[in-house]
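Asker: Please construct the entire structure, taking both the sequences and the accompanying hints into account.
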Amino acid sequence: MPTTAYVLEPNPAERTWIRAALGGCVDTVTFLEDCTAPLACGPVAGEAVFIAAAEPDDARTLKLVQDLRSRGASLPVIVLGPHSAFRAAVGVARLDATDFLERPATERQLRAAVGRALASFQRRHG
Amino acid sequence: MAEPTVFIVDDDEAFRDSVNELVSSVGLATETFSSALEFVESFDAMRSGCLVLDVRMARMSGIALQARLKAMNAQIPIVFISGHGDIAMAVSAIKDGATDFVQKPYREQQLLDAINEALRRDAASRAAPHPDDALRELDAGLTVREREVLELVLKGLPSKVIARQLAISHRTVEQHRSRLLEKFEVGSVAELMHLVFDRRAR
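The listed protein sequences derive, respectively, from chains A and B. For the first sequence, the positions run 1 to 126 when our numbering is used. For the second sequence, the positions run 127 to 328 when our numbering is used.
Worth flagging that the hints you see were computed from the coordinates, not collected in a lab. Wrong hints could be hidden among the right ones.
Not everything, but these chain A residues come out facing chain B in the computed CB check (under 10 Å) [to be verified]: (1) Ser74; (2) His83; (3) Phe86; (4) Ala89; (5) Leu101.
Heads up, simulated DSS-like pairs for lysine-lysine below, C-alpha to C-alpha not over 27 Å straight-line [what the hints assert, rightly or not]: (6) Lys196/B to Lys221/B; (7) Lys286/B to Lys230/B; (8) Lys281/B to Lys309/B; (9) Lys63/A to Lys221/B; (10) Lys286/B to Lys196/B; (11) Lys309/B to Lys63/A.
Non-contacting residues of chain B with respect to chain A, defined by C-beta distances greater than 12 Å in every case (computed) [stated by the list, open to error]: (12) Leu148; (13) Thr158; (14) Met172; (15) Arg194; (16) Met198; (17) Gln201; (18) Ala250; (19) Leu278; (20) Pro284; (21) Ser304; (22) Glu317; (23) Val322.
All of these numbers come straight from a predicted model, not from anything done at the bench. Yeah, the Cβ is synthetic: ideal placement off N, Cα and C, and Gly gets one too.
Answerer: Here it is in structure tokens:
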């Protein structure tokens, strides 16, 4: 089954790092242009995970994930954020199928988190 | 329902006292413990409330206590406090069921809000239908004294000791024991213990 990572990360250098980290881990990496895009993703084919860089105002990132869940999207979510986003991390952790990686994260940590997320997607969707 | 209690566990006496003072100042009942082991030894699942727990403690850490309570199938909501918590630890603690993870330094209202949310969750879970409705109904059918005797019987105490602890006669204790066996429809104290521990462990 094809695997896709949808990534919300505006920083070009970070996009390069994420693409390199996910090479061989997922089939497709799709970069989204704004935070409304994940909500418009619609049903996804195959297994998928959503990776979001925590906004400077990390309340927006938490709200984005909460909105996804409230609309019934069960896509696993990984949030990448700084230590200062501690409260957002706690809020994200309370939601189902989520993870929070503190930056700077290693490629290994990101790949491990994506692996866990895709495994949980497979468990829920058969 | 009895007033909920905020159980505060921290091996730092000064910090434990400051949290106790803060929580008491808003009218909440508190009990303090200087170690995780001390809390475990006195833990009573029947008491409503929540746990405010430091992460780093000697001998048994807050995270280890959370795991121990989970193994006991204890439902008490936990608010962690830490000056050393990293995000991975906080995320893991929340995923394992903690209500909140408060990082020092914190605003007092932040901690109070976390505690109030934990108490709300505890009250909601106690009001919700329990998977073991039969046992809960039976427990609800006990008098206060019968419940007291039951808890001491479950600790394996003989009637003589129970009588002394509750300041009642040996004969009265024996009468309560008989009534407990009738209400739980078991033939012996051993069966009673097996029934209650088995149900509580689920």
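Asker: Each hint: holds or not?
Answerer: Now the hints, each set against the structure:
1. For the restraint placing serine 74/A at the interface with chain B, the shortest Cβ-Cβ distance is roughly 16 Å, beyond the 10 Å limit, so the hint is violated.
2. The beta carbon of histidine 83/A is positioned within 10 Å of a beta carbon in chain B (closest approach about 6 Å), and the interface hint is therefore held.
3. About 5 Å separates the beta-carbon of phenylalanine 86/A from the nearest beta-carbon of chain B, less than 10 Å, and the hint is met.
4. A distance limit of 10 Å between C-beta atoms decides the matter here; for alanine 89/A the minimum to chain B is near 5 Å, and the interface restraint holds.
5. A distance limit of 10 Å between C-beta atoms decides the matter here; for leucine 101/A the minimum to chain B is near 8 Å, and the interface restraint holds.
6. The suggested pairing of lysine 196/B with lysine 221/B holds, with an alpha-carbon distance near 12 Å, which does not exceed 27 Å.
7. In summary, the hint linking lysine 286/B to lysine 230/B is not supported, as the alpha carbons are separated by about 49 Å, beyond the 27 Å threshold.
8. Of the supplied pair hints, the one linking lysine 281/B and lysine 309/B holds, its CA atoms being roughly 19 Å apart against a limit of 27 Å.
9. About 19 Å separates the Cα atoms of lysine 63/A and lysine 221/B, which keeps this hinted pair within 27 Å; it holds.
10. Distance restraint check for lysine 286/B and lysine 196/B: the Cα-Cα separation of roughly 34 Å exceeds the 27 Å cut-off, and the hinted pair is therefore not satisfied.
11. Using a Cα cut-off of 27 Å, the hinted pair lysine 309/B and lysine 63/A is violated, with the two alpha carbons roughly 51 Å apart.
12. Residue-level check passed: leucine 148/B sits 20 Å from the nearest beta carbon of chain A, beyond 12 Å.
13. No beta-carbon of chain A is positioned within 12 Å of the beta-carbon of threonine 158/B; the least distance is around 25 Å.
14. Non-interface status of methionine 172/B relative to chain A is upheld: no Cβ of that chain comes within 12 Å, the nearest being about 27 Å off.
15. Every Cβ of chain A is farther than 12 Å from the Cβ of arginine 194/B; the closest lies at roughly 21 Å, confirming the non-interface assignment.
16. At the 12 Å boundary, the C-beta of methionine 198/B stays outside the reach of chain A, the nearest C-beta of that chain being 23 Å off.
17. For glutamine 201/B, the requirement that its beta carbon stay farther than 12 Å from each beta carbon of chain A is met, with the minimum near 17 Å.
18. Taking the minimum C-beta to C-beta distance to chain A, about 15 Å, the non-interface status of alanine 250/B holds against the 12 Å cut.
19. At roughly 39 Å, the least C-beta separation between leucine 278/B and chain A is larger than 12 Å, which holds for a residue marked as non-interface.
20. Here proline 284/B stays apart from chain A, with its beta-carbon at least about 47 Å from theirs, past the 12 Å limit.
21. At the 12 Å boundary, the C-beta of serine 304/B stays outside the reach of chain A, the nearest C-beta of that chain being 48 Å off.
22. Distance check for glutamate 317/B against chain A: the nearest CB is about 40 Å away, which clears 12 Å, and the non-interface claim stands.
23. For valine 322/B, the condition that its CB be more than 12 Å from all CB atoms of chain A holds, with the nearest at approximately 33 Å.
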